[in-house]
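Enquirer: The residues making up each chain are set out below.
2 protein chains.
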Amino acid sequence: MVTFMPVNRSAIVDEGTTLAEAARQADVFIKNLCGGEGVCGQCRVQITAGNAEADEQARAFFSEEELERGYVLACQTQVHDNLEVLIPPETRMEGAKIITAEGEEVEATAGATPIVRKMFLEMPAPTLEDNISDIERVTRELRKKIGWHSYEIGLPCLKRLSEKLRDNDFKVTASVAKYSGGYKILRIDPGDTSQTTYGLAVDVGTTTVVAQLVEMSSGRILGVSGTHNLQASYGEDVISRIIYACKKGGLEPVHQAVIKNINELIDTLIEDKNISREDIIAMVAAGNTTMSHLLLGLLPCSIRLEPYVPTADIYPQIYAREIGVKINPEGILETMPSVASYVGGDIVAGVLACGIPESQEVRGLIDIGTNGEIAIGNNEWLVCCSASAGPAFEGGGTRCGMRATKGAIEKIEISDGKLTYHTIGNAKPRGICGSGLIDCMYELVKNGIISPDGKFNRDLKDERFGIEDEIPYYTIASAEESESGEPIVITETDIDNLMKSKGAIFAAIKSLMDYIGLGFDQIERFYVAGGFGNFLNIEKSIAIGLLPDIPKERIEFIGNSSLTGARLCLLSEEMLEKSFNISRAMTNIELSNYQPFMDEFVAALFLPHTNRKLFPSVSY
Amino acid sequence: MVTFMPVNRSAIVDEGTTLAEAARQADVFIKNLCGGEGVCGQCRVQITAGNAEADEQARAFFSEEELERGYVLACQTQVHDNLEVLIPPETRMEGAKIITAEGEEVEATAGATPIVRKMFLEMPAPTLEDNISDIERVTRELRKKIGWHSYEIGLPCLKRLSEKLRDNDFKVTASVAKYSGGYKILRIDPGDTSQTTYGLAVDVGTTTVVAQLVEMSSGRILGVSGTHNLQASYGEDVISRIIYACKKGGLEPVHQAVIKNINELIDTLIEDKNISREDIIAMVAAGNTTMSHLLLGLLPCSIRLEPYVPTADIYPQIYAREIGVKINPEGILETMPSVASYVGGDIVAGVLACGIPESQEVRGLIDIGTNGEIAIGNNEWLVCCSASAGPAFEGGGTRCGMRATKGAIEKIEISDGKLTYHTIGNAKPRGICGSGLIDCMYELVKNGIISPDGKFNRDLKDERFGIEDEIPYYTIASAEESESGEPIVITETDIDNLMKSKGAIFAAIKSLMDYIGLGFDQIERFYVAGGFGNFLNIEKSIAIGLLPDIPKERIEFIGNSSLTGARLCLLSEEMLEKSFNISRAMTNIELSNYQPFMDEFVAALFLPHTNRKLFPSVSY
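Here the protein sequences line up with chains A and B, keeping their order.
Using numbering that gives the first Met the number 0, the letters of the first sequence map in sequence onto residues 0 to 619.
Using numbering that gives the first Met the number 0, the letters of the second sequence map in sequence onto residues 0 to 619.
Just so you know, the hints here were simulated from the structure itself, not pulled from any lab data.
Predicted, not measured: the structure shown is a model, and the values here were computed from it.
Honestly, I wouldn't trust all of these hints.
In this list, chains with the same sequence are indistinguishable; a pair is considered to hold if it fits within one copy or across any two.
Simulated crosslink set (DSSO-like; lysine-lysine; CA at most 30 angstroms straight-line) [stated by the list, open to error]:
| # | residue 1 | residue 2 |
| --- | --- | --- |
| 1 | K551 | K499 |
| 2 | K405 | K259 |
| 3 | K499 | K325 |
| 4 | K246 | K163 |
| 5 | K144 | K259 |
| 6 | K325 | K158 |
| 7 | K246 | K158 |
| 8 | K259 | K551 |
| 9 | K143 | K170 |
| 10 | K445 | K417 |
| 11 | K247 | K325 |
| 12 | K405 | K170 |
| 13 | K163 | K247 |
| 14 | K247 | K158 |
| 15 | K272 | K405 |
| 16 | K405 | K143 |
Taking the hints into account, I'd like the entire structure generated from these sequences.
Expert: See below:
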């Protein structure tokens, strides 16, 4: 087990896992610019208990004194012992942080009020002089503790209340939820159960559903579990699932599929952590607008059709049982609000996680999936847009593309005519995931194998190069190397698709910047989220024109910001309230109707861009 | 059918029923001082369609011109035709009225906003320029119509919303409920269903459960249905039901009994009126604190035990389905708030129905059942108390007492040594109900058969008088006359119980008046509610010292004020809000702990009272 301090989050990992990977599993984000190459030196951590040695390459980044004190690079250090690891302030990521008035970074949810609290109440027994009703006695106590005047009351919390109070000497635990600008008492239980209060943060992705089990009082992540979204059998992407759900009788099975996902994740987590289902009292789910609709059982049909109208952007707080999610029967479900049909609760969660609404400086978030969603703003304004990028960076739409799972080629380098690659889990290659495809484009153009318009140099003398059915291709892994026995290649058609994807995303960023009248250099922090793989090479992403050419230390890959944002809302009623404000305040620019975007898109169909002045740092 | 104007309420009654009875069935209250004797002339009404003749006795009350215009006394006129009856202003009761600023009486709910409204919305279809979410489009329309900013939304109202909007050209009906200081959208249905909106007002009495089906838009009462409270099999009175419900496994059957009652009443009403269950969208229930607890499935145990603490005084708005009441699945249930363990929602409803909180003059309400509850106040203050009166006036605790149903002796007169009586439904006598017992006490003491201390004159020479097992008794109906073949008698023990009941009630009234420092003459209107029978003889009630000796025209018998108050709340969100204010504002004087009450009680165990000065008008 590896425990990360000062956040006190742990992960149990296989021997040989890197500390960087262990940190991700424990949902601790640490800085990483070079993509785990051991070359940027940003992921400095200190081993404070257990044995681990800095590797030779990494030693260059530390003083003798630091080495003696146990400093290592997280990306280069493998786990072979139980470790306690201190993450120094300079290594912590800014996601999930807020800037206080004094400019000091703090955990966003430190000292915050979770959206459901269990409060232990010790009350005086009634007398003839003080014979207010039982629930009024409870409410009076809550008023003192919470400082709020009136409380909604669910019928179940009145059931057997008089017995609970009297059998327990007027000592009970009230579960109190933030509700509609006030508070609601969900349950009143005998004795003190306040120590066992858990919540779930769930990222309902189109591809993957991930749930975190969180201890509400401390914010500690007890466990994480993920699974493929079972809706995949009704369609790989959002559009095909909408089409299925809008057929007669189609909604219910698609809705039930994700409920089954979530219940299975809950089963796994409560078994692993040996906790009671009843003690999970709240859940926050984040997903794109379609996923949120399908989670709640709402028809998503009009999302797909101009003028792209969802049923709701702000979803009601419900009891989780209303959609069949099996936690405490009075446990609540909040669904992160969305902004528009194609800017969902996952983006709102991401914007929260990046601290954009509290930032005085301008920050940007780009979440790259089948759609690329971009949000830019600060504590005064927020704009966003969404561009259909195609599934190329998620592994779809290319001949050998795949999701970032075991066997995916996640890194590629061509140096001195020699191609090397790295797969997830060091397995035999099965395909290429998003980060591998970015590397691939970069290496091909840098080495002159393709020209900046994405066409292969047909005169190329390279055994990896070939033409099949008039389509040029380049072999990344040979038939002998691959798991399937088929070569893993990238074709000119693939390059074309990737060019369109990166072009759409860059055009969206550029259009949005132009819309707000800012230049790239005015973005102080730029966060990249998405399912490319474990690492995203920022430098190469800039070099192919996917990301804007700003100093690379301003760009951070933050992984699943949707899940982080959902957890923030679970742990902080203030954050949840902020999410509603983001949903209401964020201006969505509808690009499908926006001519400048079309022009930018065409201009971006080149490596790195037809206007090279936009990419001064790119040298190929 | 008899239709009463201008309130436009109808009742279908048996031929031969009096207009006064028909009015009660239609829930139209008309003045009645003499108890239906045809002697006070207060129940003047005008027949405007159909045939009915004023009887000879009644003719004395009208001018020739009035007789020509169809004036009759409601209590003396039988129904033999379909009639339309105009109730002139002077005949209308003040219950369920409010005094406007101009001093004009209006129906309290005229122009009011029902607690649930169905609102037909015609919206523009979305465009790219106006592509807010579907629910936001609905909400925007509601904001315009209702003038309120934000709306709670139940998940069911989002279900298939996009389809409902698009299949119906963006014309839908939203069901909007008053909820927690704001509004909640319960449902959105295709097309215009606003014309079919019904509600239920239910009086959950310990003995009887009565439901009124009301058209929400017009306030029209479509039907009334009543039944014995099935909880009777678990105990006749509140205390025995509490004891049963607090045994292991006891709560559920007692709770389910009243739910069964209500569902059967609903079945009857929707079948009779040929309406759809789905169109009943709201219900307001009023009952004493124990009945309210049992209705909602809350443990009533601590109500019975010092310091008399209920689970709740203000009950949450719930979906009726939460307790198994079968109306629209999103239909709501409001339970009238109570004040204390022995001052329930029925009294709060009655206080509302009597217009006490709007009155500048001081008004009183006394609701006589097993407990006598008294509320006194005006638009500035409200006090109440409750005294255990015993079941005597409800027909319990006396040898031949019975409820006010068919065969009950409801009137008794002894004149020139001759006893005459009248039974409900003119049936063979089966016992004596509350109003009959009041008459009985009065006639016995007036004719010297009992002395003012309630003891029989043992030297009496009267064939009706006898002594059995040393207990003197007086025969009201002989064995030959009675249905059972047993004589119907009143014993000295009965008189003793009745004396304690009337003593407790008067002592409660007197204690409360003394507490607030007012004399009886400062009460401008005094309303009497309860289940004595169809009529209560006010004069005789004063003469036995049950009611205070104030001018009898200030006293009105108003029947089931609990039901009236519940209906007012169903039809007026303002009235419902007022009921919460009454619950919070009313000061409850706990008599069980109050020495002046004990002194008053002892002083009141005499006919009319040990202090005769309190009853100057009483002449026997």
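Enquirer: Now tell me if each hint is right for this structure.
Expert: Checked hints:
1. K551 / K499: Within one copy, since 23 angstroms is at most 30 angstroms while 93 angstroms is not.
2. K405 / K259: Within one copy only: 24 angstroms inside a chain, 60 angstroms across chains, cut-off 30 angstroms.
3. K499 / K325: Result: close neither inside a copy nor across copies, 42 angstroms intra and 57 angstroms inter.
4. K246 / K163: Between copies, since 15 angstroms is at most 30 angstroms while 49 angstroms is not.
5. K144 / K259: Neither way: K144 and K259 sit 38 angstroms apart in one copy and 41 angstroms across, limit 30 angstroms.
6. K325 / K158: both (21 angstroms within a copy, 21 angstroms between copies)
7. K246 / K158: between (42 angstroms within a copy, 15 angstroms between copies)
8. K259 / K551: neither (41 angstroms within a copy, 71 angstroms between copies)
9. K143 / K170: within (16 angstroms within a copy, 47 angstroms between copies)
10. K445 / K417: The answer is within: 13 angstroms in one copy meets 30 angstroms, while 124 angstroms across copies does not.
11. K247 / K325: both (27 angstroms within a copy, 29 angstroms between copies)
12. K405 / K170: So K405 and K170 fail the 30 angstroms test inside a copy (52 angstroms) and across (52 angstroms) alike.
13. K163 / K247: Result: close only across copies, 14 angstroms inter versus 48 angstroms intra.
14. K247 / K158: between (40 angstroms within a copy, 15 angstroms between copies)
15. K272 / K405: Classified as within; 26 angstroms inside a copy, 68 angstroms across copies.
16. K405 / K143: Neither way: K405 and K143 sit 54 angstroms apart in one copy and 56 angstroms across, limit 30 angstroms.
Checked against the numbered hints above, the structure breaks hints 3, 5, 8, 12, 16 and satisfies the rest.
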